[in-house]
Amino acid sequence: MKRHVELKNHLKEIFHFRLRLAVSVVFALTLIAIVLLRLLYLQVWRHDYYQTLAESNRISIVPIVPNRGLILDRNGVEMAHNYSGYTLEITPNKVPVSTDATIEELGALVPIAPRDKKRFKKLLAESHNLESVVIRNRLSDEEVARFAAQQYRFPGVEIKARLLRDYPFGDKASHLLGYIGRINETDVDQLEENDLAANYRGSDYIGKTGLEQSYENELHGTTGIEQVEVDSAGRAVRLLSRTAPISGNTLVLSIDAKLQEIAEQAFGNYRGALVAIDPTNGEVLAFVSKPGYDPSLFIDGIDTQSWDELNNSPDHPLNNRALRGQYPSGSTIKPFMALAGLYYKIRSPSRTISDPGYYTLPGSSHQYRDWKAGGHGMVDMFKSIVVSCDTYYYGLATELGIDNIHAFLSRFDFGKKTGIDLEGETSGLLPSQEWKQKRYNQKWYPGDTVSVGIGQGYSLVTPMQLAHAVATLANNGIAYRPHLVREIRSPRAGENRVITVEPEIDMKLDPADVDLVKRAMVAVTQPGGTAVAASLGAPYHIAGKTGTAQVISMKQGEKYDASKIDERHRDHAWFIAFAPAEQPKIALVVLAENGGHGGGTAAPIARKVMDYYLLGKIPTPLADLPDEEDAPHD
Amino acid sequence: MTKRQLWQRFTAHIDPMLMLGLSLLMFTSLMVLFSATDGSWLRLGGQGVNILVGLTFLWIVANLPLHYLMRTALPVYSLGLLLLIGVALFGEISHGARRWLNIGVGTIQPSELMKVGVPLMMAWYFEKHEATLTWKNYLIAALLLIVPVALIARQPDLGTALLITASGFYVLFLAGLSWRIMGGMAVAAIASAPIMWNMLHEYQRHRIMMLLDPSQDALGKGYHTIQGMIAVGSGGLLGKGYMAGTQTHLDFLPERSTDFIFAVYSEEFGLIGTVILLAMYLFVIGRGFMITASASTYFTRLMAGSITLTFATYAFVNMGMVCGILPVVGVPLPLVSYGGTSMLTLLLGFGMLMSIETHQKLNKT
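Top line first, the protein sequences correspond to chains W and R.
Under the numbering used here, residues 1 to 634 are what the first sequence spells out, in order.
Under the numbering used here, residues 1001 to 1365 are what the second sequence spells out, in order.
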């Protein structure tokens, strides 16, 4: 009986399963049938329609590239804009004979330089054969007219009106603005990765460096679409639909273009960097890296000769020194070290040391020399900043210890990116025990700390970083993230975004400590200080500090003599400052590479910038900066 | 042992009919791929390697006795689930979705593993409880399906989630889920559609909207659909000839070696060609159903049926997508599109079919 039931169940089960299987077969057949019907519809019933579409597919969907957003300075001066220009373009697959022959013939009508031909070859290799490729740009009206009259002779060659990017400031502000360039394969991968490829259909350019790169998403705009029907000759016969493009957003910078220009000029022939910040809100007022380069060279692919010149120049004009250059801070670190000493209560302001002109670690005979042979005599904290006494800071650093130094300076964002809205920032180097262990697999020696005290040794800063720290100090320890863009204007009215930055950190410094350091920094620019030239005749007080960054190290007992050293091995000159000292409106950093003393070369540059910003004073055409000066060293 | 005997032993677990169908499809793959890549030997070689790797695994799985296959269900499923949780927590983001997991030597996409893992686990579960099946077992089986699917849908990878749902549903269906419940589920699905719509990601909604009107996104994914349809339609009855498709060779057709390879094939071989291709798929599917019908155990029936139906679904979804009747979900054309992962997963499945077919034959004799 039992067996009978089982057997029946089994059969029943098989029956049920077979039923389900039959349904499955029908289901699968249905799926195939649906596809088959759809294929019949597309390939037979609608074949003619799609055949036509395929034949006329050349430009059935035409992207309309949006106008790139402008870049304005804080007063509305255009720093990057577009102008419409004419380009002569060849669509290779529409040319009946060879493109080379066509170019030869074209050369008789409009001048085509070997440089243009080389660029054409390069662009041709990168393009699809249905796209038109630029052979000449910036055609004059006369050239346009001459070609237009002869156009019938050149099938596949046409004149196109394109919006071209222009940087009116040329090589000034080049490191700030950056440039756009032709979209290459890496860019395409990047765009696809971010699902942006559709919006770049038809776009030829993309921001490559500087603000053009960092704000690419704002500047590019939204691509429009035109669906057109075209005949077999490629002429549009009917516009089917059109979605207008939306222009890119306009960036309004916190940069003052005039200030930027004055700062660039003030450098004369010096290489270096300058960053000026409004300490009350983190807005960057000027951002200089010298030398610059002409950004327009890069737009359509730079030719080999110009590239070699830029790339092989010993001045490294392509290097953004302000953002990426890493240098020893030299003595400009001393005000921060003094604050650390006060903060950790290691040294009271009144504690005085006697400076014999050198410092030795307990139990060692090695002499860490002061820059001034014979020393500064009796030195308290105030005087240590004014005369830039090395011996004082050797001792202070040793007493603080590297852990405290690291912790305190970290809060000023040393050794970290400042977070400025430019891509590619480097973070400098604020050494620590942990870092040395990792990097060199060595323990930290007391001697390492000694050099850190005067901004030498392992520590490195970028001009950007130092400017940010100076601004924070000027603002009594309340830090703002430095930024270049203060407003983003959308072409659609009423969609402007004003960028305000909240304080990042309030370091809660003791006002008395800050006051002491600030007063000492003012004294630096007064008679007896290291940068007395900086404030000569200024109707406002300047707080400053000089510094020198060694390019080559001196042997024990050797003496630095600028006149005997190759120019490019001379020390870099630093000057940090903020003014007016009582209520700072501008904080800045100047680095003059191989400039020797900070007080002699860097401070006058800073002064010109502050005079313009605070007084509106435009400097007289630049007199040659003195190469050597008798101002106190360092 | 003679050469002949050696060969016999080597092919003992290879089903000749199924192998013939698969070979035809894979040959088609190489042929179309060569055209789709403008004659790239590199890509051709790459796909050759994909096929060889896939066939190696097919052979290994086909030679595994069924009880071994069953024994892999729990570990494969658990590993897959663990990896999916790993992806949700530490996965790498690419194209705005979190699908890949970096395991040191490279990145893997655990959702691929679950394409095999989920039906395997469900079939194993039903086999285990065969004697005492109640509605509770169906509920638990459904949970085995829903949990990984939810994790995959969250990545978000809606295409894969839907396909795994399909393969799991086929197991439930073949296991005898009552018609009434299925009817209820259908009603519930329709009722919950508006809620689902709100839960979808912006881009997923976009894709569905676009299917209704591809011209809306004529530069983005709509472009794919429009160009795909033009390619298929302009192929006509006889096609434009091998290596002569204008849509393909003039660069209009996007993703033509992967998801849109069917458009390349249709453009160059026309309706005659597509009917032949459909016949090849039908042949493989038909053989799959024959194996299912003769499968002797509950587990093997469910597994074979699910593999076959899933294969049919993949083919349908891809071709439907290229023809503009389904959204662009990023499903490759099974065994034809370029790609190692999907080739491997599919051939693993067919390895199981062969194992099911050949091992019970041996048991019977």
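No lab work stands behind these hints: they were computed from the structure.
The reader is advised that the hints may include incorrect statements.
Claimed, not checked - Lysine to any residue pairs mimicking SDA-like chemistry, simulated, CA-CA at most 25 Å apart:
| id | chain 1 | residue 1 | chain 2 | residue 2 |
| --- | --- | --- | --- | --- |
| 1 | W | K12 | R | L1177 |
| 2 | W | K94 | R | A1244 |
| 3 | W | K122 | R | M1182 |
| 4 | R | K1128 | W | F17 |
| 5 | W | K94 | R | W1179 |
| 6 | R | K1136 | W | F15 |
| 7 | W | K417 | W | R439 |
| 8 | W | K12 | R | H1249 |
| 9 | W | K12 | R | L1133 |
| 10 | W | K12 | R | W1179 |
| 11 | R | K1128 | W | R20 |
| 12 | W | K443 | W | G419 |
| 13 | W | K12 | R | H1129 |
| 14 | W | K12 | R | M1182 |
| 15 | R | K1128 | W | K417 |
| 16 | W | K117 | W | S427 |
| 17 | R | K1136 | W | L19 |
| 18 | W | K121 | W | L139 |
| 19 | W | K585 | W | E495 |
What the hints assert, rightly or not - FRET-style restraints, in silico, Cβ to Cβ:
| id | chain 1 | residue 1 | chain 2 | residue 2 | range |
| --- | --- | --- | --- | --- | --- |
| 20 | R | G1086 | W | L239 | 51 to 59 Å |
| 21 | W | E502 | R | A1150 | 33 to 41 Å |
| 22 | W | E55 | R | T1341 | 33 to 41 Å |
| 23 | W | P168 | R | A1150 | 51 to 59 Å |
| 24 | W | Q437 | R | A1150 | 41 to 49 Å |
| 25 | W | V144 | R | L1052 | 56 to 64 Å |
| 26 | W | N319 | R | G1039 | 39 to 47 Å |
| 27 | W | Q326 | R | L1074 | 35 to 43 Å |
| 28 | R | L1052 | W | R18 | 48 to 56 Å |
Please read all numbers here as calculations on a predicted model, not as lab measurements.
A virtual CB, placed ideally from N, CA and C, is assigned to each residue, including glycine.
Taking the hints in turn, this is what the structure says about them:
1. About 15 Å separates the Cα atoms of K12(W) and L1177(R), which keeps this hinted pair within 25 Å; it holds.
2. For the given pair, K94(W) sits about 19 Å from A1244(R) by alpha-carbon distance, which is consistent with the 25 Å threshold.
3. Between the alpha carbons of K122(W) and M1182(R) the distance comes to roughly 62 Å, so the proposed pair goes past 25 Å and is violated.
4. Among the hinted pairs, K1128(R) with F17(W) is consistent with the structure: their alpha-carbon atoms are about 17 Å apart, no more than 25 Å.
5. This hinted pair does not check out: K94(W) and W1179(R) have alpha carbons roughly 62 Å apart, beyond 25 Å.
6. Between K1136(R) and F15(W) the alpha-carbon distance is near 23 Å, which keeps this suggested pair within the 25 Å criterion.
7. Proposed proximity of K417(W) and R439(W) is supported: the alpha carbons are some 19 Å apart, at most 25 Å.
8. In summary, the hint linking K12(W) to H1249(R) is not supported, as the alpha carbons are separated by about 57 Å, beyond the 25 Å threshold.
9. This hinted pair checks out: K12(W) and L1133(R) have alpha carbons roughly 15 Å apart, not beyond 25 Å.
10. Between K12(W) and W1179(R) the CA atoms are separated by roughly 17 Å; this keeps the pair inside 25 Å, and the hint holds.
11. Between the alpha carbons of K1128(R) and R20(W) the distance comes to roughly 20 Å, so the proposed pair stays at or under 25 Å and holds.
12. Among the hinted pairs, K443(W) with G419(W) is inconsistent with the structure: their alpha-carbon atoms are about 31 Å apart, more than 25 Å.
13. Between K12(W) and H1129(R) the alpha-carbon distance is near 17 Å, which keeps this suggested pair within the 25 Å criterion.
14. Proximity of K12(W) to M1182(R) is assessed by CA-CA distance (about 21 Å); at most 25 Å being required, the pair is judged to hold.
15. Of the pairs offered as hints, the one joining K1128(R) and K417(W) is violated, with about 60 Å between alpha carbons and a cut-off of 25 Å exceeded.
16. With a C-alpha separation of about 42 Å, the suggested pairing of K117(W) with S427(W) is violated against the 25 Å cut-off.
17. For a cut-off of 25 Å, the pair hint linking K1136(R) to L19(W) stands: about 23 Å separates their Cα positions.
18. For the suggested pair K121(W) and L139(W), the alpha carbons sit about 19 Å apart, so the restraint of at most 25 Å is met.
19. Using a Cα cut-off of 25 Å, the hinted pair K585(W) and E495(W) is violated, with the two alpha carbons roughly 30 Å apart.
20. The hint said 51 to 59 Å for the Cβ distance between G1086(R) and L239(W), and at roughly 52 Å that hint holds.
21. As the Cβ distance of E502(W) to A1150(R) is approximately 39 Å, the hint placing it in 33 to 41 Å holds.
22. Separated by about 37 Å at the C-beta atoms, E55(W) and T1341(R) satisfy the suggested range of 33 to 41 Å.
23. Between P168(W) and A1150(R) the CB atoms are about 57 Å apart, so this pair conforms to the stated range of 51 to 59 Å.
24. Evaluation of the 41 to 49 Å hint for Q437(W) and A1150(R) yields a pass: the beta carbon distance comes to about 46 Å.
25. Separation of V144(W) from L1052(R) is about 60 Å and conforms to the stated range, judged on CB atoms against 56 to 64 Å.
26. A C-beta distance of roughly 44 Å is found between N319(W) and G1039(R), which places it inside the suggested range of 39 to 47 Å.
27. The supplied range of 35 to 43 Å is broken by Q326(W) and L1074(R), whose beta-carbon atoms lie about 56 Å from each other.
28. Remark: the range hint 48 to 56 Å for L1052(R) to R18(W) is contradicted by a beta-carbon distance near 38 Å.
In the structure shown, a violation is registered for the earlier hints numbered 3, 5, 8, 12, 15, 16, 19, 27 and 28, in ascending order.
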